[in-house]
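Student: Residues per chain, in single letters:
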Amino acid sequence: MPAPPLVSVENLVRRYPLPAAPFGRRRHVAAVDGVNLTIAPGRSLGIVGESGSGKSTLARLVMALERPDAGTVRFRGTDLFALPPDELRRMRRGFQMVFQDPYGSLDPRQRVERIVAEPLDVAEPQLTRRERADRVAEMLAAVGLSADAATRYPHEFSGGQRQRIALARALITAPDLIVADEPVSALDVSVQAQVLNLLMDLQETRGVTYLFISHNLAVVEHVADDVAVMYRGRIVEQGPAAELFSAPAHPYTRALVEAVPDLSSFDGAGSHPPATDADADVEADSESGCPFAPRCPRARAVCRSERPRLREIAPGRAAACHFPGE
Amino acid sequence: MKFPRAAAIMQRPALAAGATITLLLAMVALVSLVWTPYPYTDMNIAMRLQPPSARHWLGTDQFGRDILSMLMAGSRNSFAVGFVAVGIGLGIGVALGTTAAVRGGIVDDVVMRLADFTFAFPAVLSAIMITAWLGPGAVNAIIAIGIFNIPVFARLSRGSALQVLSRDFILAARAAGKGMARITVEHVLPNIAGILVVQATIQFALAILAEAGLAYLGLGTQPPNPSWGRMLNEAQTFMHRSPWLAIFPGAAIALAVLGFNLLGDGLRDLIDPKLRRARS
Amino acid sequence: MTVLDVEDLRVDIRTPTGRLPIVRGVSFTLARGTTLGLVGESGSGKSMTALAIMRLLPQAADVSGAIRLHGEDLLQADETRMCRIRGDRIAMVFQEPMTALNPLHRIGDQIAETLVLHRDMARRAALDEAARLLDRVGIREAQARLSAYPHQLSGGQRQRVMIAMALACRPDVLIADEPTSALDVTVQAQVIDLLRSLVDEFGMALILISHDLGVIGRLADRVMVMYGGAIMEQGSTKAVFTTRAHPYTQGLFAALPGRGARKGRRLAAIPGTVPAPDALPAGCPFYGRCPRGQDVCRDNPPPVVEIGGSRAACFFPGP
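One line per chain: the protein sequences are C, Y and U, in this order.
So the numbering used here is basically just the index in the first sequence, starting at one, shifted up by 156.
So the numbering used here is basically just the index in the second sequence, starting at one, shifted up by 191.
So the numbering used here is basically just the index in the third sequence, starting at one, shifted up by 1.
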C-alpha cells in the first residue's frame, strides 16, 4: 500500500519568451514542457540533466517561486497555485530550498543568526528572541557549525561552511521536503564529500525528503533513491537510481553515463566509447519527432516523425524512446 | 559589502582629506550658530572694503561686514541646502527606484520615462525655471535642487536593486514566505545603502554648487541671510579694487565641493568590494 | 625531448601584511607529445603555476626559480620577448570561453589575428588557415562559421574555437586551465577526445589543469597533485592513480562519490577546509587535515619518497 505522495507534479509547463526578432512573431521556448512526477515521503528523487534541460526551472516551480503556464504542483495533496498568497506563505514552512551558489544565496549584510532564522519570521513570528536564538544554535549544531558562527557574517566562511549555513536555514522550520539545486557543484571535492555526508545524515535523523538536482551523475546516484533524466524540458527516463544507471534505457541517459569516467577501473589514459554529437545544432526544434533524434546514434525514421511518450518499460521504470534499451 | 573601520579610512589619503575637509566645514557651520567674530549682519560703513587684517582676517565687504563671519554663517546655508535637497532626492528617488525594480512592468516603465524626462532638462536651467515660477528664496531653491536629485537616485537605486534582486538570497527569502515589500526593506535596501551613501555625498557637493549658482543669479537665498553664492554676486562690482571679496567665497565653495567629492570617491573605493580586493 | 623544464618555481604575493606563498617549490619537466595533469582544489596553486609559466602574474607577485622553454629561461626574458612567446610558443585555453573570446569580433578574425601577429601572414591567408583550424577542431562548415560571433556558438563550440586559436601557431606548449569544467558532461567528453588527438597530431606538450580526477585520468600521461602551493605527489598517471602514495591523493579519491556505489554510503570526506596561504604550516601544507599528521610534518618540509613509480612528498607515505 503506497503512501500518498508528498509532492505530485502534473503536466507542468513553463515557457519563456525568446528575444523577439524585429517585426517577428514573439516566440516562446518551453523550459519545462509537460513534466509529471511524484515523490513519496522519505524517498529522494534526483533530477539529472545538462544545462538548458529545465531542471532548475522545475525546482523553482516545485518551490512555487515561479508560476507555471499550465499544470499543477501538489504538496501533500494541496495545489500550491490554487492557494491564496497568505496560505501559500504559511505552507512554505513545509518545503525549503538550498541553492547552488553559496556566495549568492546568503545576504552579505546579515549576520548568520538572522540568515538562518529568516524562515521563522514568517512561520513562527511569535517566537521570542531567546527562542529564536536557541533554534538557530540547535540548527548550527545540526549542520556541524560552532555556536559562535551565529554572530559572524557570511564572508567570514568558506564555500562549504556557507552551504552548511544555507542548509541550517532550510531545515529550521523542520520541512518535509528540501529542494536542492546543485548544492555541491560549487564546492571542492573534499568539501563536497562533507556536505553530501551531512545531507545523508540529516535525512536519517530528520526524515527529510530531497528533490536533488545535479548535472553530476555520481552525486545523484549517491543521494537519490529514484532518478528522473531531463532533456530539453521533458523527462526522458525515470526509475530507481541503481537500475537506471546500471542499465540505462534511453540513449541520452546512456550518453550521460558513458561520458562520466569511472575511476574505480582506471587503466591509464586510453579508451572510452565515442561521445555522442552533443554539439549538433539543436535550434531546429521539430514539433513532431523525438527531441534527442538529431543527436541519437540509433535514430530511425519513426524517431524523426513521431515523438515518443514516456511509457513504462519495466516495473517502476519509464523511458521516452521508441527503442528503449537497445 | 561592509562599512569600513576608522583605520581603513586613514590608509587612503584622498578619503582622509575629504573626510577632514567636510568635518571641518560642518564644525564651522555648527560654531557659527553660537559664535562668529562679528555679527554677520553688522554693517560698518567706516570699515568698508577693508583688505584682510588682524581685525578682519578676511577683510570686509562694501557695507563693512566681516567676510569671515559671513562665510561662517554662509556654510550653514550651504549645509542646509545640501541636506534637504539630497534628502528630497534620496527619499523620493529611492522609493520610486526600488518600487520600479521590484514591480517591473508598467510601473517600471512609467517611473523610468519620468526620470528620463526630468533628466532631459539641464538641471540648473530647470532650477531657474522652478524658482522663477515659485519665486526666489532659499526654500524654493532647495526644492528645485531636490527635485533634480530625484531621478539621479531613482535610476541608481533601480539599477542596484535589480542587481540585488537577481541574487539567490532573494529567492531564499521568498521561499521563506516573505513578501516583496518586506524583502525590499530587509534585503534590498541594506545592500544598496553603501552605493546610495556615496552618491549622496557627490550630490551634496552638486547641491552646494547649484545653490551658489542660484544665489549668484539672485534666485536663491535672499538678503540678509548669508550665502556664498550671493557673496560672489555682490563681489563682482568691486572685484578689481577688492579681489578678496570674490576669492574667499569662491575658495569656500571650491573647498566644500572638493571635500565632498573626495569623500564620495573615497567611500566608493572603500565600499566597492572589487576595488578593495584589488588594492589589498 | 624536453620542451619545458620548471625548476623550484616559487611565487609569493606581496600584501600590506606580508608575503603570501602561493606556489612553494614546484619542479617538473615536460616532453614533446605528452600531457601533464595538474590536479588540485581551489587555492592549491595550480592556476598560479600556469600563469607564472605564461609570465601573466600580477605586479604584486614575486617569482623565483627557473622556467626553461627549450633551454631559454623565461623568467629572464623581457616583456617584448614574452609577447613573442605568448600565443606563439606557449598558448593557453581558459575555463570560460565566453569571457576569453572578444564578444565584438568575429571568431575568424580572432583566430587570424594571432597568425597575422606572430606569423606575419596576410589577412586572407590567415583566414584560410583559421578555417582549416576550425575544421580540425570539429566545427562543421568552418568556412561559413568564420564570420560568426562568439554568442552565436554553443559552449562546446566556443571552447573548440578557443582551442583553434591556441593552436594557430603550433605552440610547443599548450596550457589548458579547466578547459572542460564549464561544459556539459557529454560535450566534455568530446573536448577531451579532441585535445588528446591534437597532442598526438601536433606533438605539442599539454599542461592540463583540472580539479576533476576523471578528466585528468582520461587525458594525462603524468600527474602532479598539488595542495597549498606545493606538489604532494607526482608520477605517471597510472602510478599515481593506482598507488596513491600520498594521504592527500588518497583523500581526494576516497571523497569521490563512486559510480555504482550504494546509496547512502558515507563518503570519506577530508576533514576541515583548505587553509588560507597565510595559515599554512611551515612543513607539509596538508598537516592539520591529514590523518597521518605528526609533529614532524608540521615543522619540516617532507622528503620526496618513491613508491610504486609515484613520488610523494610525505613523511609517512604508502597506500
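Simulated from the structure, these hints should not be mistaken for lab results.
Hints are supplied without guarantee of correctness; some may be wrong.
As the list claims (entries may be wrong) - One-sided and incomplete, this derived list gives chain C residues near chain Y with beta-carbon spacing under 7 Å:
hint, residue
1, S261
2, R265
3, E269
On a predicted model such as this, the values are computed, not experimentally measured, just so you know.
Here a beta-carbon is modelled for each residue, glycine too, at the ideal position from N, C-alpha and C.
Student: Next step is simple, just say for each hint if it's right about the structure.
Tutor: Hints, one by one, checked against the model:
1. S261: At 4 Å from the nearest chain Y Cβ, S261 (chain C) passes the 7 Å test, so the hint holds.
2. R265: Result: holds, 4 Å to nearest chain Y Cβ.
3. E269: 14 Å, violated
Consistency with the previously given hints fails for number 3 only.
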